[in-house]
Every structure is written in C-alpha cells, then in structure tokens.
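Residue numbers for the sequence shown follow the working numbering, beginning at 121 and rising by one.
Quick caveat, the hints were computed from the structure, so don't treat them as lab data.
Even for Gly, the Cβ is constructed at its ideal location relative to N, Cα and C.
A hint or two may mislead.
As the list claims (entries may be wrong) - Here are the computed distance ranges between Cβ atoms for each label pair:
no.	residue 1	residue 2	range
1	A298	E204	38 to 44 Å
2	K123	K165	18 to 24 Å
3	S126	S271	30 to 36 Å
4	P270	N124	28 to 34 Å
5	C206	K245	32 to 38 Å
6	T221	E317	33 to 39 Å
7	E219	R163	43 to 49 Å
8	K165	F318	52 to 58 Å
9	S168	P270	38 to 44 Å
10	S126	R186	52 to 58 Å
11	S126	L199	31 to 37 Å
12	G161	E317	20 to 26 Å
13	I122	N274	48 to 54 Å
14	T221	K245	31 to 37 Å
Stated by the list, open to error - Once the Cα atoms are required to be at most 30 Å apart in a straight line, the calculated DSBU-like pairs of lysine-lysine come out as:
no.	residue 1	residue 2
15	K202	K329
16	K165	K202
17	K329	K302
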Amino acid sequence: MIKNFSAIILRTRDWGEKDLLVCALSEDGERLDLIAKGAGGPRSKRRSHLESMNAVRGTIYESKGRAYLQTVQTENSFLRVKQEPCLVFRLAVFVEILEKTLRPEHAHPEIYPLFLETLESLNEKNRRASSAILVEVALVKLAHILGYLPSFKNCAHCHEGLTKTAHWDHEAGTLACANCRKASHRSFPIKYCKAFEFFRHASTEDCRKVELQTEEATALREW
C-alpha cells in the first residue's frame with residue numbers, strides 16, 4: 121500500500137552500503153521508521169532531503185510490516201536555524217527525546233505543530249529577542265504532553281500550594297515545600313515556578329511576548 125505523508129525528520133542512519141534508516145515525526149504526531157532503499161548512495165538525490173529537522177512530504181510503500189520511503193521533497197530546511205550551532209545543539213535535545221520516547225502507532229498529535237511552530241519561529245529572518253528561550257519553552261510543553269512535567273503549583277509530598285518557597289528534588293524531578301524539603305534539595309525560585317506553569321499552557325506566540333533579561337533567560341535554560 122502506498123500513502124502520502126508529511127513529517128519532520130528526526131534522525132537518519134546508514135544501513136548497509138546504500139540504504140538509510142530514517143526516523144521521523146509525522147504530522148499526526150506518530151513516529152515513522154522508514155527504510156530508504158538506495159538513498160545512502162553517493163548519487164542519491166533523496167539524501168539531502170533527509171537531514172535532521174527538515175520538514176518534508178513524500179510517499180511511503182508499506183509491505184510485510186515495513187515502511188519504505190519512495191519519494192521525498194523538502195518543504196522547509198530551516199537554514200537560518202542550522203547556521204547557529206548552539207541553537208542546533210539545544211534543539212538536538214528535543215529531537216533525541218522524541219526519538220527515544222515516541223513509539224509507532226502511539227500518536228501525540230500536539231507534538232508535530234509544536235515542533236514545526238518552534239522551528240518556523242526560530243527560522244525567521246528578523247527573529248525577536250524574546251525568541252531566545254523558545255527551545256526551552258518547547259521542551260517544557262513537550263514534557264507536559266508526554267506526562268513528565270511536575271506540578272509547579274503544589275508540593276509533590278503534602279500537596280500544599282507553593283506560594284513562598286520551593287525546592288527542587290533532582291532525583292524525583294519534583295518540587296517540595298519548605299516543610300517537606302530535604303537537605304539535598306535545591307532552592308527553586310517561585311518566579312520560575314510561575315514561568316514554567318505559564319509556558320506549560322500558553323501558546324508559543326504568547327510565550328514569545330515574554331521579555332527576559334539575558335541573565336534570566338540563561339537561568340531558565342539551566343533549570
């Protein structure tokens with residue numbers, strides 16, 4: 121069976137001398153594992169379309185439980201993003217989480233538009249300064265979608281509201297109040313609790329309206 125698809129390429133690996141294994145995020149939020157026969161050869165026109173973080177469209181042929189990439193065409197290669205090594209390295213974290221977390225036939229429809237919108241915003245010619253934390257905003261939203269993001273409103277132990285102080289438990293990945301904290305927990309500023317809770321629910325466009333000083337943006341990235 122042949123079907124059309126649109127996706128963002130996550131990772132491509134050599135398979136044998138001339139073939140490639142392609143992992144992609146489909147527009148339905150599903151992981152695609154594709155075999156690209158002959159795409160690894162030196163004369164293949166398809167290989168350049170299969171770079172990580174390319175938005176592509178094409179056709180797939182499914183046979184005997186495997187999916188073979190037939191045609192592929194780049195819709196957007198996000199060249200401005202890829203000209204900034206530091207930005208690429210930060211986005212690579214997002215890509216790696218997707219590759220290791222997503223499973224075929226277990227779709228997360230919210231992830232594709234999140235990733236695409238993030239790449240498009242970062243690829244703008246005159247990118248706003250407030251776009252500097254968009255990768256981290258996307259990571260917060262991704263953690264929320266996948267169910268890994270803790271509550272930034274309540275203590276994970278007694279469930280009391282976090283209004284004055286919060287403490288990060290790096291082993292559990294949760295927050296504790298002053299009464300439940302342990303010596304190993306790290307102080308977590310309440311203003312960051314509010315920021316992360318905002319990033320969890322706000323649209324990407326609303327997140328871009330947040331103006332942060334360089335020091336604040338750096339601190340948020342570290343957390």
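| query | Can the suggested window of 31 to 37 Å be confirmed for the beta-carbon pair S126 and L199? | reply | 19 Å, violated
| 52 to 58 Å as the expected CB spacing between F318 and K165, which holds or is violated | 45 Å, violated
| query | Quick one: are S168 and P270 within 38 to 44 Å, going by C-beta? | reply | 41 Å, holds
| message | What's the verdict on K165 and K202, does the C-alpha distance respect the 30 Å limit or exceed it? | response | 20 Å, holds
| said: Against the 30 Å threshold, does the CA-CA distance of K202 and K329 hold or violate the hint? | reply: 24 Å, holds
| message | Range first: 38 to 44 Å. Now tell me if the beta carbons of A298 and E204 are that far apart. | response | 41 Å, holds
| query | At the C-beta level, are P270 and N124 separated by a distance inside 28 to 34 Å? | reply | Violated - the Cβ-Cβ distance for P270 and N124, about 39 Å, lies outside 28 to 34 Å.
| Taking 32 to 38 Å as the hint, is the beta-carbon distance of C206 and K245 inside that range? | For K245 against C206, whose Cβ atoms are near 19 Å apart, the range 32 to 38 Å is violated.
| request: Given the hint of 52 to 58 Å, check if S126 and R186 actually sit that far apart at their C-beta atoms. | output: The hint (52 to 58 Å, Cβ to Cβ) is violated, given that S126 and R186 are roughly 20 Å apart.
| Is K329 within 30 Å of K302, Cα to Cα? | 36 Å, violated
| query | CB of G161 to CB of E317, is that within 20 to 26 Å? | reply | 50 Å, violated
| Is the gap between the beta carbons of T221 and K245 within 31 to 37 Å? | 32 Å, holds
When held up to the earlier numbered hints, the structure conflicts with 4, 5, 6, 7, 8, 10, 11, 12 and 17 and fits the remainder.
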